[in-house]
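Given only the sequences and the hints, what does the whole structure look like? Please build it.
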Amino acid sequence: MPEPDSVPEPYGVREPDSVREPDGVRVPDALPVPLLDQHCHGVVAADLDDDAFGALLTESDRPPAPGTSPFDSALGLALRRWCPPALGLPAHADPAAYLARRRSLGPAESTRRLLAAAGLRALLVDTGLTEASGQPLLPADELASLAGARVREVVRLENVAEALAARAPRAADWPAALRDALAAALRKADAVAVKSVLAYRHGLDIPADRVSDAEAVRAAAGFLAGPAGRLADPVLLRHLLWTAVDLCARRALPLPLQLHTGFGDPDLTLHRADPSLLTPFIRAVEPTGVPLVLLHGYPYHRQVGWLAQVFPHVYADTGLTLSHTGPRAVTVLGELLELAPFGKVLFSTDAYGLPELYLVGAAQFRHALATLLGDWQRAGACAPADAAHLTRLLSFANARRLYGLG
Amino acid sequence: MPEPDSVPEPYGVREPDSVREPDGVRVPDALPVPLLDQHCHGVVAADLDDDAFGALLTESDRPPAPGTSPFDSALGLALRRWCPPALGLPAHADPAAYLARRRSLGPAESTRRLLAAAGLRALLVDTGLTEASGQPLLPADELASLAGARVREVVRLENVAEALAARAPRAADWPAALRDALAAALRKADAVAVKSVLAYRHGLDIPADRVSDAEAVRAAAGFLAGPAGRLADPVLLRHLLWTAVDLCARRALPLPLQLHTGFGDPDLTLHRADPSLLTPFIRAVEPTGVPLVLLHGYPYHRQVGWLAQVFPHVYADTGLTLSHTGPRAVTVLGELLELAPFGKVLFSTDAYGLPELYLVGAAQFRHALATLLGDWQRAGACAPADAAHLTRLLSFANARRLYGLG
Amino acid sequence: MPEPDSVPEPYGVREPDSVREPDGVRVPDALPVPLLDQHCHGVVAADLDDDAFGALLTESDRPPAPGTSPFDSALGLALRRWCPPALGLPAHADPAAYLARRRSLGPAESTRRLLAAAGLRALLVDTGLTEASGQPLLPADELASLAGARVREVVRLENVAEALAARAPRAADWPAALRDALAAALRKADAVAVKSVLAYRHGLDIPADRVSDAEAVRAAAGFLAGPAGRLADPVLLRHLLWTAVDLCARRALPLPLQLHTGFGDPDLTLHRADPSLLTPFIRAVEPTGVPLVLLHGYPYHRQVGWLAQVFPHVYADTGLTLSHTGPRAVTVLGELLELAPFGKVLFSTDAYGLPELYLVGAAQFRHALATLLGDWQRAGACAPADAAHLTRLLSFANARRLYGLG
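Protein chains in written order, with this note's numbering: chain A, 92 to 497; chain B, 92 to 497; chain C, 92 to 497.
Calculated from the structure, these hints are not laboratory results.
Glycine residues also receive a C-beta, built at the ideal position from the N, C-alpha and C atoms.
Example chain B residues on the side facing chain A (calculated, C-beta under 7 Å, incomplete): (1) P403; (2) E429; (3) F433; (4) W467; (5) C473.
Calculated Cβ distances over 10 Å to all of chain C for the following chain A residues: (6) D138; (7) D152; (8) G219; (9) D264; (10) A268; (11) H293; (12) A312; (13) G317; (14) D356; (15) T462.
See the structure below:
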């Protein structure tokens with residue numbers, strides 16, 4: 092992914108005519124930089140009924156409250172701003188018109204158009220989720236083809252442990268078997284990173300220290316004797332993290348560990364997903380050289396910014412947050428950039444299920460960053476060259492450096 | 092309360108000539124929608140001296156620090172922006188001039204003018220407070236008449252329990268007596284909701300589970316043996332909540348439970364009023380169908396937004412916060428709307444003691460919402476029809492639906 | 092420090108021609124009010140190499156992450172905005188050009204120019220830090236002379252206790268010896284305040300109550316038996332705070348106690364520096380009359396605002412935060428002013444090591460406040476006289492009153 096040779100000035104403010112709609116509504120600002128989406132998921136290939144579509148517009152896994160619509164939200168506004176033009180409708184088309192148009196084009200054509208409009212150069216896909224709203228997700232290679240983007244994989248740690256448990260190993264073998272299973276998963280996926288959903292399974296308030304094999308075996312005995320499925324034992328979750336850290340640290344360029352922090356679905360308890368709670372673990376990981384990428388973070392993204400400033404191995408993500416905060420994304424991105432070093436902030440969409448969320452994520456990021464940097468320049472806070480530099484860093488250069496992508 | 096037939100476009104940006112003052116300062120934007128104030132209190136009928144007036148301009152119950160004035164605050168600026176015109180003074184009149192004018196008009200005329208200027212259609216009044224600055228509050232029917240608004244009552248739970256304790260029941264009878272007292276209070280008030288001040292009495296960090304009658308009886312024995320008054324025992328507070336939830340759930344349209352969250356007077360400890368701490372209780376209440384209305388929330392209003400997004404029975408309030416944050420209300424309202432579904436955000440003033448706080452609350456909400464939606468439209472983030480829809484939802488439609496008001 | 096006789100109107104919006112650079116970039120708005128910096132540190136006199144300079148641009152004490160520059164941050168942008176003009180370069184000069192120019196002028200001349208450009212009238216210097224990036228800091232009198240400002244001292248409590256420990260007293264004598272040592276330190280420095288770094292040594296989550304002499308002696312025995320140096324025992328830290336409170340309370344105008352809260356270097360754990368955790372201690376100190384100045388606060392500055400509103404003896408600081416948040420300082424200052432009474436907010440730079448940080452701190456404050464108040468006036472939220480009044484309060488009048496400065 093070579094960097095573009097020349098960058099027009101003033102940067103981040105330019106609004107090419109070609110991205111204006113006839114009715115004067117702007118589609119995503121076409122900043123001439125590639126985007127590297129450092130955290131995303133697959134999309135549903137099948138047609139979705141209105142309820143299934145709406146269910147993917149919220150972090151809730153419950154039906155909407157009586158009398159309310161999932162489109163009545165900041166994310167709903169963002170979707171109606173950026174997606175209708177990709178399907179040939181004016182921006183802000185109403186939900187019924189949008190859903191009708193999507194259905195008439197069919198899911199394949201809609202998906203193709205939406206992913207193409209997102210303009211992503213490369214995707215780092217967390218392959219740990221395999222369905223959304225009860226429908227299977229497209230495999231990574233099909234996603235790559237539709238999006239016209241390179242795809243690399245991120246291995247979700249809890250899936251590896253649960254797949255191991257499903258093979259019913261002896262508890263005494265758990266530590267070695269987990270190491271082997273994880274190493275195999277990384278090899279098979281040619282993974283660029285691993286990911287933890289500790290925030291969902293327990294909360295980020297874990298002790299810092301490594302788990303001994305003896306402790307892990309004891310905890311594994313309990314887990315393996317229980318009902319199959321979900322790994323939620325805090326000792327095994329921590330043991331899994333350290334097993335991953337040790338494997339990641341072996342590489343010449345250590346593999347990053349991505350961690351969900353901040354808001355998500357109601358399976359988590361928000362204050363226990365405050366990334367500051369991870370501080371003891373962050374300190375303990377530091378000597379290994381394994382980078383920690385704190386995903387999402389909202390509403391604790393200022394805490395993420397501080398952690399990224401003071402710990403060299405901590406990085407900050409923009410995904411999910413900029414999509415969900417809709418018209419407010421400019422400010423929220425600004426809040427992250429208060430303390431986070433510009434060399435450590437990484438773009439992502441965290442798109443999941445709906446191809447719309449790829450376009451929304453990319454457009455929200457491009458628009459929020461361009462607006463923010465335009466505001467900063469108008470206020471005299473930075474020069475055009477600074478805006479261009481910062482745009483390159485966040486859009487792709489930081490992620491390319493961190494993940495060692497060519 | 093019928094919805095207006097037609098809504099002028101562009102909505103939320105219109106500034107009718109009739110609301111401009113001769114000196115060019117705008118009084119509250121006259122959006123042509125009614126306001127339903129879903130959480131407020133009575134006002135003092137008597138004249139107040141300057142110190143008593145000032146004491147009602149802050150959440151503190153202490154005298155101001157030496158050398159400082161209670162008017163030197165964001166709320167003080169908001170009061171001086173919106174209230175002087177209602178008493179025939181220019182906006183931003185200085186405190187001494189304002190207080191002198193108020194005194195010369197007399198409290199009855201000032202109250203009438205201020206409440207009329209607030210332009211509220213209906214008030215849901217928490218009748219649990221009966222005085223402010225040592226003066227009695229007007230009863231609900233007199234408030235209704237002065238404000239030209241319908242009034243409905245919200246029953247404060249802790250008052251019911253303390254009134255029961257004052258009748259010295261046997262501890263063994265506490266669970267049944269409390270159920271009866273609460274049912275009677277709801278009937279007598281023809282209540283539209285109940286309210287808890289758990290945040291003041293203990294903090295929101297309570298276990299989720301119901302309290303057995305045996306536990307409640309044990310705790311009641313301690314409470315009834317102690318000095319009369321304030322209910323602060325965490326077991327009894329939780330038992331009271333569950334008693335209320337069970338009564339509220341019996342209705343065809345379950346009665347909402349309002350909970351104080353976030354900032355308030357120094358009787359509470361702020362981080363223990365973080366609404367995320369309520370999550371276990373929120374999860375436990377979900378199957379009952381009883382809506383939970385998280386009041387205030389600031390500075391944890393983004394947490395409120397997430398809870399309202401992921402739990403169908405959780406609703407978010409704007410009261411107190413928009414008044415107290417003065418010139419910053421536009422941004423703070425924007426922060427709440429980042430994650431909170433637009434169908435679940437409810438206007439209130441939380442006015443208490445001063446009729447000024449009704450006008451300030453209404454004007455701050457109207458102005459903040461109109462400014463925010465104007466900004467969003469100018470930035471291309473939503474269409475005029477979206478702004479009109481969102482204004483109707485927050486101003487009255489969400490509350491009318493939630494409380495089943497005709 | 093007399094108040095200026097007349098204040099031009101409209102205030103906080105004026106941009107005199109004399110502060111415009113030829114290239115149209117504005118240097119700090121020259122509001123005609125003096126600044127009283129209520130919390131700062133010494134600067135390095137020696138030349139600094141690029142790495143040592145960069146190390147003072149971040150709260151991290153680690154080397155920057157591979158491939159990143161410490162100038163790529165909000166603080167880096169602020170430095171490049173405000174400092175190059177003081178050294179004869181255009182604003183936004185690139186880092187290499189700036190460092191080269193600084194080196195060619197030499198550290199003495201650069202320091203003189205930067206401190207003079209900051210335009211500070213008086214400095215309250217925490218003398219507890221004696222070096223930065225391995226270089227000694229200028230003593231307070233030399234700093235005063237270079238800055239053209241009066242300097243008064245703030246005594247750092249932990250230093251006094253550690254110096255006492257280095258003299259190896261008997262544990263049984265600890266309480267009396269500490270009282271004597273602290274009283275002597277206050278006399279010697281003619282101190283205007285004391286300061287605690289409890290947030291670094293333990294966290295703000297301490298019990299409220301005083302430590303008995305017996306408890307202190309027991310804890311001192313452990314501390315004195317251990318390796319020399321850092322005081323981190325929570326009992327001794329609390330005993331130190333109460334010893335200080337009791338000494339501060341004896342004055343006719345009680346000496347304020349400054350407390351580090353919120354972000355800082357990686358020695359602290361962020362969520363344990365939430366100032367709301369101090370609430371029990373704040374309540375316990377209230378009867379003594381000793382003011383508590385909550386420094387920094389970010390990202391918990393809204394919590395600081397609430398504490399300052401509801402507790403008469405709590406004050407709020409702007410330092411460190413406005414420098415580090417760079418282009419976002421306007422908003423962050425606005426957030427503090429949502430609940431904090433305007434009579435209790437105090438300007439500071441928290442400058443340390445680099446004379447640049449004095450200029451950045453002063454310029455960021457002046458610019459953020461002027462911009463905020465200009466925005467408020469344009470939006471009709473306050474009158475020009477209010478903006479002038481608020482500027483005087485925050486810039487010097489609140490601090491002059493609190494610290495009893497003539």
